[in-house]
Amino acid sequence: MREYDVIVVGAGGAGLRAAIAAQEAGADVAMVTKLHPVRSHTGAAEGGINAALREGDDWHDHAYDTMKGSDYLGDAPAVEALTRESPKETIQLENWGMAFSRDEDGQVSQRPFGGLSFPRTTYAGAETGHHMLHTMYEQVVKRGIEVYDEWYVTRLAVSDEDEPEERDCHGVVAYDIKRGEIEGFRARDGVILATGGLGQVYDHTTNAIANTGDGVAMAYRAGVPIEDMEMIQFHPTTLPSTGVLISEGVRGEGGILYNSEGERFMFEHGYANNDGELASRDVVSRAELNEVNNGRGIEDEYVHLDMRHLGEDRILDRLENILHLAEDFEGVDGLEEPMPVKPGQHYAMGGIETDEWGATCVGGLYAVGECACASVHGANRLGGNALPELAVFGARAGRHAAGDVDEEAKITTGWDEDSEEGENVSPVALGEAGLPSAEKGALADGGATAESAGDAGVVEEAVQAERTRVHYLLEKEEGVNHAEVREDVQRTMTENVNVFREESALKDALGDIREARKEYQHVTVEDPSRTYNTDLIHTIETRNLLDVAEAITVGALARDEFRGAHWRKEHQERKDDEWLKHTMLSWNDGSPGLWYKPAVLEGEDKTYEPKERSY
Amino acid sequence: MSTQPDQTDDETESTPEPDAEPEPESPGERRRAEKAARAEAAEEEAADAEPDLGDDAITLKVFRYDPEVEGKTEPRFDTFRIPFTKGMTVLDALIEARDTYDSSLTFRHSCRQAVCGSDALFINGRQRLGCQTQIADLDGDVVRVEPLPHQDVVKDLVVDMEHFYDQMEAVEPYFQTDETPDGELEEQFQTPENREEIKMSTRCIWCGACMSSCNIAADENEYLGPAAINKAYRFAMDEREGENMKEHRMELIEQENGVWRCQTQFSCTNVCPKDIPLTEHIQELKREAVKSNLKFW
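Residue numbers (this note's numbering), protein chains in the order written: chain F, 15 to 629; chain G, -7 to 289.
I should point out that these hints are in silico values taken from the structure, not numbers from a laboratory. Ideal Cβ positions, reconstructed from N, Cα and C, are used throughout, including at glycine. Among the clues, some could well be false.
Claimed, not checked - No farther apart than 16 Å at their CA atoms in a straight line, the calculated lysine to aspartate or glutamate pairs in the EDC-like style are these:
| no. | chain 1 | residue 1 | chain 2 | residue 2 |
| --- | --- | --- | --- | --- |
| 1 | G | Lys191 | F | Glu334 |
| 2 | F | Lys156 | G | Glu248 |
| 3 | F | Lys102 | G | Glu161 |
| 4 | G | Lys278 | G | Glu248 |
| 5 | F | Lys102 | G | Glu239 |
| 6 | G | Lys191 | F | Glu344 |
| 7 | F | Lys595 | F | Asp619 |
| 8 | G | Lys78 | F | Glu334 |
Said to hold, decoys possible - Some but not every residue of chain G turned toward chain F, in silico, with C-beta under 8 Å:
| no. | residue |
| --- | --- |
| 9 | Thr65 |
| 10 | Gly79 |
| 11 | Cys108 |
| 12 | Glu176 |
| 13 | Glu178 |
| 14 | Phe181 |
| 15 | Pro184 |
From just these sequences and the hints, can you work out the full model?
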């Protein structure tokens, strides 16, 4: 067994920043990632980092924009931590050498972005995430922080008390992809999950193939509540054939959306009379689909994003990467013709419930970045708010895990006196599919299975459980391939749990997911090799996708209102009397249960009163 | 075991040449590899005789090797017939082959948009990213996919990247400056011109295509290689680092295994999927090195 003070799972922006902060606070840190750090999907982020850096701007305004953007489902203490600390973290990146775009006077450049009251999106071309990821990894190399790359964390070692709030996380179990060995990692002080997105539950997504919601699923099964899972962002400008992202920066610089009639529909059809193309992402995505559904789409599928009028110089200076993406992945020359775009799954606002330090209700377990829900983004994330979230909450959680913080959190985690029980909304059973008892132990994959045998004992037991599971998957002779199950999940989620949602379709999706779960009980790994067995890795990931897809759909069915990214056909209004609260889902050892917790709208010195959200 | 570069771009599927196959470790292994190649060729012909998957099906020939699985311990090529769809990339075809025919087919991939650098492969005799390579843009009817030459093969198309990473880390690949700003919110200034000067060098995605294409790096294992030198360039040319640090950086890249090994063959520049002018950057560092050496005369 390997031992460290702090173990960071995942090495994208949030994980790297957490590792640096924990090490600076004196902890012995290891990072464990199923990719190599520079392969992480932070590298695909394009637009920028929102930070109130300049005269005339104020972090309070950024907080206001973010609360409004969240449709008042963000938790103010987390939102204020984000906006207050983003300038410091952004300048920290600059001090680490990040190659930001520059103004004539040599300052880092900022540009307008959707839903912002000030042009505060700090950027490096249209490849800000790439520069941020590499800059942070450089700092990890400089500091000599140990990185286990291509080690896949498959299980958390969490103790087995009845209530999740009483449990402790003592480490993780990881599978060395190159050698096929399973090993325990004991964390003396904390485990920080930074596993990123879950876009692979959809088939049209800007997310990487590796974004399979591993951290969310593992924490969920270990007893940590997951929050607002129904809140999925669909980015309005993705390339139709691949889902590759075309940055909001294009619209920030002045790019225009047209329908098949050549109308600038954001204005001409009244979707956003003030902000037009720069309305919030949920607004623009719905507008585009509405155009297509009303017969004004091109090839009945997409709309046009035109940036030709910006001129070659400006495009090359600020958006060059977009030209390459449109050319390589859609065969379109953005200097000569408009680019075809349509909404695609982009981001999960929900995730593992944490406070504003990234701490979960399980002792010693943290979550940061896209896998976490603090909640900074509520029902809709503003463009340019994901990258600062990685830096700000990565740093906060790293310091906290290393014991460098004794400030009490204002956001509570786990069940508390303000929580309320929810009713079961699902037409089918949820959670663990029924299994013959002999196989149950192998596939159940709960988190809290350990008996009290000391901290190391909890890790050792988790290692044994994982060895049993992997052995079972590798030895099973016949069955279905994970790719079939994954495809079934992706198909039903894309068809039924997309931008526009209605009750019957959501129920259909739950039925399909149930069927896919049953299929998964017969899943088998054909590749017998211990060496770089991606068949096995994808099979384990698919289990995570099932849990995450189900959680998204349950939340979407329960929330019978229209808020932010969550649009319901039968419920066309935001219901503040009833729904200024988070949907919470607990695994309950295999029988998931819904409950609710109020959104925290009280900030440091003001309360964010819900207002009508128009752009 | 390792692969060696392929000299023949126009090889057809029915006549795999022995020197196109990976270089085995012993004469016995070489014989077995050749035998496997012949068997493979026969198998391909058989595959070609199978009913067509439609007019647009493509033939994908993929290098296979697993150090521990019976039947795969000797390198071979497998052939897959894949229905072609508009816009299909080599990565799409590999995924299709894996998910439809053989789930043990192994390759790295993640972002699908040429930024994670996972899927640099040897495609029809050239280093390219699988996700960035349109099948329609390739010549010939057969798409042949091999692991990156000059690197140890772990399994199928997966190569060991450790040596590449070691070389990257050998150039102190992190920002260091003579003077750090005092204030928490104090940024360093950089002219847009200087940012432009380093821009291309900052685009590197660590895919390893350049290193794999470089004959010098293949022969002399200790040569830093184009990617690492480009990383050094990225910092040496960044005016924010300061003059003292630049001198330190010049010492690093002037060492025995540094810039002077480059023979200006431009193979790295030709294969870079991010269009980084690697050879120019190496040449510029050579000029800088000469300049800074003259200072001490």
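Find the hints from earlier in the document that the structure breaks and name them by number, from lowest to highest. 2, 3, 5, 6, 7, 8 and 9
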